[in-house]
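Dock chain to chain to rebuild the complex, using the hints, since each chain is given by itself in its own frame.
Just so you know, the sequences run in chain order A and B.
Counted the way the working numbering counts, the first sequence spans residues 1 to 391.
Counted the way the working numbering counts, the second sequence spans residues 392 to 665.
Heads up, a few of these hints could be off.
No farther apart than 35 Å at their CA atoms in a straight line, the calculated lysine-lysine pairs in the DSBU-like style are these [stated by the list, open to error]:
| id | chain 1 | residue 1 | chain 2 | residue 2 |
| --- | --- | --- | --- | --- |
| 1 | A | 350 | A | 274 |
| 2 | B | 577 | A | 203 |
| 3 | A | 379 | A | 150 |
| 4 | A | 122 | A | 274 |
| 5 | A | 274 | A | 150 |
| 6 | B | 409 | A | 203 |
| 7 | B | 537 | B | 405 |
| 8 | A | 200 | B | 577 |
| 9 | B | 537 | A | 200 |
| 10 | A | 200 | B | 405 |
| 11 | B | 577 | B | 589 |
| 12 | B | 584 | B | 650 |
| 13 | A | 350 | A | 150 |
| 14 | B | 650 | B | 577 |
| 15 | A | 217 | A | 203 |
Bear in mind the hints are in silico, worked out from the structure with no lab data behind them.
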Amino acid sequence: MSGAKRGGIEVLSGNDMCVEGALAAGLSFFAGYPITPSSEIAESLSSILPRRGGCFVQMEDEIASLGAAIGASLTGRKSMTATSGPGYSLMQEHIGYAAMAEVPVVIINVMRGGPSTGLPTKAGQADVMQAAWGSHGDYRTAALCPSSVKECFETTVKAFEWAERFRIPVTVLPDEIIAHMRENVDTRCIAEAKPFDRLKPGKPPEEYEPYSYEISKEGAAIADFGRGYRFHVTGLAHDATGFPTNDPEEISRCNWRIIEKVEIARSAFTWTEKFMLEDAEILVFAYGSVARTAKDAVLRLRAAGIRAGLYRPVTIWPFPASEAREVFREARKVLVPELNAGQMAGEIEKYLTRGCDVEKINRLDGEIITPVQIMEAAKALHGRKKAQSSD
Amino acid sequence: MAGRRLSPAIDIEKYLRKRNLPHIWCAGCGNGIVLGALLRAIARSGFRQDDVAMVSGIGCSSRLPGYVDFNTLHTTHGRAIAFATGIKLGRPDMHVIVVSGDGDATAIGGNHFIHACRRNIGITAIIVNNYIYGMTGGQVSPTTPKGSRATTAPFGNAERPFDICLLAAAAGANFAARTTAFHADKLEDLIFKGLGRKGFSVIEAITPCPTCFGRRNQNPTGVDLMNLIREQSCGIEPGGKSEAPAGIRLGVFADRDEKEFTEIYAEMAAGAGR
Ligand SMILES: Cc1ncc(C[n+]2csc(CCOP(=O)(O)OP(=O)(O)O)c2C)c(N)n1
Ligand code: SF4
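So that you can see chain B by itself, here it is in the shape it has in the complex (with noise of 0.2 Å):
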């Protein structure tokens, strides 16, 4: 592991709301390591607590900014986007992140996921993409891999999945990144590159969920999953264009600097005679 990204030198205990512990997360869950890897980005890019507004869904994933002190809003299921959308434009200077699950971003909330990358909104989303809807229990997700087992797909899901970060990019998010649990390191870091840009930045983190995916896939545990992930791990070419293995395609799908929607229509209030 690489030592300086995970140095102890950087100091996430004071953005935990100790109170709230311990959180609610199952043993081996991956949604700790992207808490770790979030705050340490947070931490790198100098924000301001008072600054920062996270917003989330409903799901496992979406509890995160209850133990976090920031401007904290846990919404409704899919729509964090939509209430992120209102807070940015309310405050274009505040940072803006919303957690939400995969279920959460590109099931019910995904008409909220492709518009905001359409409009190029200053939001930071990190999609914690663990397959499965965990919190209802393992019912099938939008990300299921086709033949995977769950409560609802108990023959093998007959559905193909979306590639979120495809999807991003298709859509015009101006960063797009996939990396995992396993590669913490590189988590932090693309948040911390997702944090920087101005512009809608979707960071995808492949994470375990032993408790929901894991026991009907034959990986029980967290270790199993994350000996998974590292096995089905490969890299894209830089913009995610080349044919790549089958296998979990990590990278950075789309990275461009559009300008961002909140400062266009700063501009455009200012050319219609504020």
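Isolated chain A, as found in the complex (with noise of 0.2 Å):
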């Protein structure tokens, strides 16, 4: 349970992080199914929220989970659930409900090994494509990535932020060594988090249309359910009043929303940190536990001599797309370690220029990519420049 105290320097988890970000944020239902390495996001909040006013219930799966909470977040209460691989490819159908239907909720995904059952305790990254493209059709939608206990609570709150603001479904994807990891947290971030509530409609419920606001960086309102406003929600095509519609104009709108919404605000999502970029000739790309790692093997090689630096993406959905292409356009030598067989490589390569050089670093047997590991990499691509540019 989290056992955080609200004040000063705490010994915390990633796990116990998300709880206090989600509680800070305002979450007062959540209903889960227990899954290692998520469970303990659900035990603590098993205890908390009843004594809150909240509601916690454990459903009888990860899809009955998330159709509770997007249920929930319909009269208007911040929603969320948390699982972990096998459960997160069963919310999959959900998650394009909440996109299409524009429910606001939030998934905490503790990635570990997969495929399938695959490695319960153990850590893992390859969730990261399925957090953007796991439901069918096409949607946008939101995920960050957090490389320390505090930032677990940091990107939960941003979760419900950009949940409420935009109506999205929103995921976080602490990797199972951040979920489990100990560190020191300085817990006055709990009382100074800002939860920001979600836009409530301007129009008395007789000109009230769910989906007909404009699209802005603002974000959009919705009603809720039993205050008068009565309305429809359908994961059909709809029109702007949310009842199914076959007219192709209506269609093409609804479809369009849901990713123009998102698309327009882009640059409000971008969330990275640049460490040592400079002047780096070596740009290492890492998110998550891989990161901390990378960012301890570029201090070690900048002590080697070689100029290494660090570009990490805290929202990986998303992608910073326009920064991405800056801190890219003079990065002649790439390295991407990553706990899967290089998923986000393969998301850069489109903000890379002609002519770069990307190494791959990728573990799939649960263990860590050490900064040993990433040094050799970076050494021998940086070797590598050098008998390049020789040509």
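Structure, rendered in structure tokens:
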């Protein structure tokens, strides 16, 4: 159970701080199904929420969990579920539903090794593509990858803000190492967090249309069920009123809206760390637990005379496209360590300039990528640069 | 027909979203009869429209909430009860009604169905049992009678059907009752009863689907199926325990007054030092 006492330095886990982040953001409904390595989140909330006027329910599976969270969200409650790989796969139909019906909801997916039951107690980062593209159809969503216990708090608070503001499902993706790691956290952040409350319709019920808002960076209002605004919600293609439609123009508007409302705000989602990048000859692109060892490797490489730098996305979706294009413009040597077979390495290829040399480090054995592993790869890449530049 | 219950004194038109009519249902379909009975039962219950949430899955019957002016939620196939559980826990004061087909409720959604019964959460579930998958064109369902034909049971269904009410009763629902679209007044009464219950209540309505079930099973029209339903209907003893002759067993299979889940939850939360 999360033991944060709110005030000083405490030793807490990533899962603890996901709980604290959700509560600080105003969580009042949680539905979930037990799965390692996320279960501590449910266990903590089962004890905390009932005492705070909130609601905790353990559902019969993950499909039901996300369904219940979406239902509760429609009543105006900030709602969340937490799971890991197999459960995240089961939730995909409802992630698409939340995207299509535009209902705010937060999912914490603690990444373990996959596929299938895979490695229940070990880390992986192989759900990053699923976090963007897991459900059928075209939609846009947001996903965040914390690299520290404190960042579990910050990303969870942010996930709620984005879910509530943009009426989208948002996933927080701590990997197992980050979720189970304990480190010092200054818990004053808990009191300082500023929860974002969803925008309320500025119109009376007779004039309210749930899907006719102007797309903007400010987000979109949504009415609560049971407060006089009687509207219809469906996963079918719908018009501005929310009712199903067969009109191609309306269908197109519906499908583009859920994409454009995220695209238009892409820069607002950009959250990255740039560490020693200014003069870097070797750019390491890493996220989650791997970014921690990457940072250590960067410092050690610099001490050894190789100018390395780290580019770390906290938001992985929507991908920080325009910033990445800038950062990668001058990059000639890029190293991408990941606990998967190269998922984000494939993504960043869109933003690299021609002739850029990319080296991947991929582990699928559930073990962490060590600083030494990154340093060795960086040194090899560095050497290759010299060989190539003499051509 | 008993004049009282179908009396014109009950105005159900005020509940209809007329802009969405005509509905998508075939001539002879039983869904409209269920809709009428449900709206009359809601009117008799005196619920305010703002306080009613109606949730459905996917299927012909699940299109019902789109036609009525409440807080309405058309979800994914089989999962209506899961979403409804979130609504009821989020707003225990609301009247939460689920409308679900036999495939929706007992195939893909079977697990949610029995767990809602077990939790005894304050939701009224109307299960529209037409013995077939209507929306997708007539495939076999968990309630298709043994031997009946379906597009995926061309030689007759080899499987045994579920008895939805016995399932609900065994899983712990406070109220479980079955009637048919032919017995429209009885259907209204049972829904009214279910709406008045705390805890999970299940009202199973046997309905004609001439398009997908009747045509393949020697009863091509709604009238044919209505006659068949009438002929095959038989009663049960209170509690559903006695041996009734083969046929469609109509009656009340569970009628308990066990405490409702959100009430228990609120007490637990109060005890936990809220
Ligand atoms: C996950 C998923 N699987 C399959 C379907 C296709 N599907 C739509 S409705 C339906 C069955 C409908 O039958 P029933 O629930 O009995 O309702 P009815 O149409 O007869 O009223 C199926 C299989 C779907 N929409 N979603
Ligand atoms: S296919 Fe069957 S269930 Fe569907 S509308 Fe037609 S008659 Fe009704």
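Quick rundown of the hints versus the structure:
Restraint check for residue 350 of chain A and residue 274 of chain A: the C-alpha separation of about 19 Å stays at or below 35 Å, so the hint holds. For the hint linking residue 577 of chain B to residue 203 of chain A, the alpha-carbon distance of about 42 Å lies beyond 35 Å, and the restraint is violated. The straight-line distance between the Cα atoms of residue 379 of chain A and residue 150 of chain A is roughly 32 Å, inside the 35 Å bound, and the hint therefore holds. Distance restraint check for residue 122 of chain A and residue 274 of chain A: the Cα-Cα separation of roughly 28 Å lies within the 35 Å cut-off, and the hinted pair is therefore satisfied.
Using a Cα cut-off of 35 Å, the hinted pair residue 274 of chain A and residue 150 of chain A holds, with the two alpha carbons roughly 18 Å apart. Among the hinted pairs, residue 409 of chain B with residue 203 of chain A is consistent with the structure: their alpha-carbon atoms are about 22 Å apart, no more than 35 Å. Restraint check: the Cα-Cα separation between residue 537 of chain B and residue 405 of chain B comes to about 42 Å, which exceeds 35 Å; the hinted pair is violated. A distance of roughly 42 Å separates the Cα atoms of residue 200 of chain A and residue 577 of chain B; the hinted pair therefore is violated under the 35 Å criterion.
A hinted pair counts as satisfied when its Cα atoms are at most 35 Å apart, and residue 537 of chain B with residue 200 of chain A does not qualify at roughly 52 Å. Distance hint between residue 200 of chain A and residue 405 of chain B is fulfilled; the C-alpha atoms sit about 27 Å from each other, no more than 35 Å. Taken as a hint, the residue 577 of chain B and residue 589 of chain B pair is honoured in the structure, with Cα atoms around 20 Å apart against an allowance of 35 Å. Distance hint between residue 584 of chain B and residue 650 of chain B is fulfilled; the C-alpha atoms sit about 16 Å from each other, no more than 35 Å.
Only pairs whose Cα atoms come within 35 Å are accepted, and residue 350 of chain A paired with residue 150 of chain A is accepted, the gap being roughly 31 Å. Taken as a hint, the residue 650 of chain B and residue 577 of chain B pair is honoured in the structure, with Cα atoms around 26 Å apart against an allowance of 35 Å. A C-alpha spacing of about 20 Å is found between residue 217 of chain A and residue 203 of chain A, which places the hinted pair at or below 35 Å, so the restraint holds.
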